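There are 2 protein chains.
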Amino acid sequence: MISKNIGIFDSGVGGLTVLREITKLLPNEDIVYFGDTARVPYGSKSRERILEYSFQDAAFLLSHNVKIIVIACNSASSTALQKLQDNLSVPLLGVIEPGALEAVRFSKNKKVGVIGTKATVESHSYTNAVHSLVGNDTSYEVFEKACPLFVPLTEDGWIDHTITHLVAEEYLSPLKEKGIDTLILGCTHYPLIKKTIQRVIGDEVSLVDSSVVVARELVRLLKFHDILNDQRRKGRIECFVSDDPDNFFTMAKLFLGDTKIDINEVSLDLIISQTV
Amino acid sequence: MISKNIGIFDSGVGGLTVLREITKLLPNEDIVYFGDTARVPYGSKSRERILEYSFQDAAFLLSHNVKIIVIACNSASSTALQKLQDNLSVPLLGVIEPGALEAVRFSKNKKVGVIGTKATVESHSYTNAVHSLVGNDTSYEVFEKACPLFVPLTEDGWIDHTITHLVAEEYLSPLKEKGIDTLILGCTHYPLIKKTIQRVIGDEVSLVDSSVVVARELVRLLKFHDILNDQRRKGRIECFVSDDPDNFFTMAKLFLGDTKIDINEVSLDLIISQTV
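First to last, the protein sequences are chains Z and G. Going by the working numbering, the first sequence opens with residue 1, and the numbers climb by one from there. Going by the working numbering, the second sequence opens with residue 1, and the numbers climb by one from there.
FYI, nobody ran anything at the bench for these hints, they're computed from the structure. For clarity, every value in this text was computed on a predicted model and none was experimentally measured. Just so you know, not all the hints are guaranteed correct.
Part of the chain G face toward chain Z, derived, beta carbon under 8 Å [what the hints assert, rightly or not]:
1) 38
2) 39
3) 45
4) 49
5) 148
6) 149
7) 153
8) 156
9) 160
10) 166
Now the in silico label distances, taken between C-beta atoms and shown as ranges [what the hints assert, rightly or not]:
11) Z/24 - G/133: 54 to 60 Å
12) Z/88 - G/105: 45 to 51 Å
13) G/51 - Z/88: 50 to 56 Å
14) Z/47 - G/63: 52 to 58 Å
15) G/87 - Z/47: 50 to 56 Å
16) G/269 - Z/238: 25 to 31 Å
17) G/87 - Z/195: 46 to 52 Å
18) Z/176 - G/254: 57 to 63 Å
19) Z/195 - G/133: 26 to 32 Å
The calculated lysine-lysine pairs, modelled on DSS-like cross-linking and capped at a C-alpha distance of 25 Å, are [as the list claims (entries may be wrong)]:
20) Z/253 - G/145
21) G/83 - Z/118
22) G/83 - G/118
23) G/253 - Z/118
24) Z/195 - Z/111
25) Z/145 - G/178
26) Z/253 - G/118
27) G/110 - G/83
Just so you know, even glycine gets a beta-carbon here, dropped at the ideal spot from N, CA and C.
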């Protein structure tokens with residue numbers, strides 16, 4: 001019987017949308033989640049800094065008996081996935097490639113939009129991922145747009161708020177003008193305001209929710225490596241945060257509803273001392 | 001001739017509003033500014049974390065020959081000023097007490113509003129400061145309101161934007177209903193959207209811009225300790241940031257216009273290793 005954990009890390013609470021989808025498909029797996037709430041957000045920081053933090057986060061998860069690591073953060077995935085994979089012995093899964101693949105599947109007119117944090121958009125990771133998937137087909141166009149206010153709006157609970165709708169109109173109108181038929185939600189917070197985004201961008205545009213796609217890809221990977229957990233009991237979800245577990249608890253309710261999770265605080269010094 | 005520096009620290013760029021006012025009143029002083037851009041923002045983090053970071057920031061400034069330290073960050077001032085003062089040999093100046101004092105001077109109906117980050121508002125520092133200033137006069141009322149979206153709106157450059165106006169209406173209407181006649185801008189970013197705030201709260205309400213008051217208080221303190229710089233040349237402004245100096249440079253233009261500053265990157269490891 002394999003009883004190792006699935007490791008997930010994110011800069012804060014956003015990755016809980018990914019965790020939620022994973023628990024739906026894999027209810028019997030034990031999960032260890034690390035949210036780096038002492039240094040959140042990553043999306044506005046430099047590539048060097050995001051890389052450094054991601055290595056520490058992954059190393060922390062490795063010290064918790066994980067068999068696979070999901071980088072449930074677009075900024076960290078776009079910056080650190082490849083470099084981490086070169087240095088770790090467990091398989092890794094980021095959110096970029098699965099999202100890009102789904103977008104290519106959905107898009108008929110080959111015009112794909114991507115919204116995300118400043119770091120994700122400036123890395124052009126989704127554009128590169130789409131282009132490497134479609135290979136010689138140069139007719140694919142990817143339009144990216146940073147939406148830095150969506151995260152604070154979501155975390156402040158302004159989910160169905162008129163202002164969130166107006167902000168979405170401001171951000172999404174350039175993408176609408178480009179005639180995209182598919183829009184990648186390139187930030188783990190965005191599924192929480194999916195309805196608003198859909199209303200503004202229009203029903204004719206398919207939204208790609210990375211969290212759903214990543215969960216499906218995780219199932220495939222666990223099967224491929226033959227490391228699915230075969231226990232019959234419900235999986236345990238253990239969360240670690242580097243700051244303010246009370247706030248994490250409040251936010252977790254917004255993201256997960258009544259799903260039972262354990263929350264522990266871990267010192268930032270300990271995280272910084274981790275090496276892979 | 002005294003040639004020691006004035007030290008200023010903030011979680012990021014916000015403290016530049018304070019720096020700007022200081023350079024207006026003290027153009028010949030040399031200034032060392034530290035912005036902890038690798039861990040920005042402080043306002044959403046726990047008291048323990050803000051305290052830890054503030055000690056490291058102050059220690060870093062002390063290693064740069066400073067004669068006085070200005071905590072140009074409301075979250076850090078409200079959390080760390082007293083504890084830092086107990087442990088440092090140089091005088092310290094926070095933004096809370098000067099702001100509270102000015103509000104007490106301005107207010108005629110004794111109803112004072114305070115807007116700031118979550119950390120500042122939850123610390124009730126302004127309320128406590130006002131009450132300790134007015135002593136036995138129990139008729140003073142202080143109404144606090146956290147405005148977490150103002151910082152991302154400002155940093156995203158949405159200064160005169162309709163959405164910023166709408167957000168301000170949402171945040172400020174409860175304070176307006178209370179009939180305040182004075183409003184403390186309890187976050188160093190807010191002076192940038194002062195016009196919008198004034199328009200929404202109404203001309204009959206006096207705004208207290210801490211950055212202006214702190215600069216005046218700094219002059220008083222330097223004179224009191226007899227450590228004013230008597231050099232004739234224009235002062236040098238040297239900024240250190242723990243991440244992304246390019247972004248700091250862009251933001252500095254928004255805050256300072258064409259004022260000449262030097263910007264250096266310093267590693268977070270070095271900051272973390274500092275002790276007072």
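Hints versus structure:
| no. | hint | verdict |
| --- | --- | --- |
| 1 | 38 | holds (6 Å) |
| 2 | 39 | holds (6 Å) |
| 3 | 45 | holds (5 Å) |
| 4 | 49 | holds (5 Å) |
| 5 | 148 | holds (5 Å) |
| 6 | 149 | holds (6 Å) |
| 7 | 153 | holds (7 Å) |
| 8 | 156 | holds (5 Å) |
| 9 | 160 | violated (14 Å) |
| 10 | 166 | holds (5 Å) |
| 11 | Z/24 - G/133: 54 to 60 Å | holds (55 Å) |
| 12 | Z/88 - G/105: 45 to 51 Å | violated (60 Å) |
| 13 | G/51 - Z/88: 50 to 56 Å | violated (34 Å) |
| 14 | Z/47 - G/63: 52 to 58 Å | violated (28 Å) |
| 15 | G/87 - Z/47: 50 to 56 Å | violated (36 Å) |
| 16 | G/269 - Z/238: 25 to 31 Å | holds (29 Å) |
| 17 | G/87 - Z/195: 46 to 52 Å | holds (50 Å) |
| 18 | Z/176 - G/254: 57 to 63 Å | violated (29 Å) |
| 19 | Z/195 - G/133: 26 to 32 Å | violated (48 Å) |
| 20 | Z/253 - G/145 | holds (23 Å) |
| 21 | G/83 - Z/118 | violated (36 Å) |
| 22 | G/83 - G/118 | holds (20 Å) |
| 23 | G/253 - Z/118 | holds (19 Å) |
| 24 | Z/195 - Z/111 | holds (21 Å) |
| 25 | Z/145 - G/178 | violated (40 Å) |
| 26 | Z/253 - G/118 | holds (19 Å) |
| 27 | G/110 - G/83 | violated (30 Å) |
Of the hints listed earlier, those the structure fails to meet are numbers 9, 12, 13, 14, 15, 18, 19, 21, 25, 27, in rising order.
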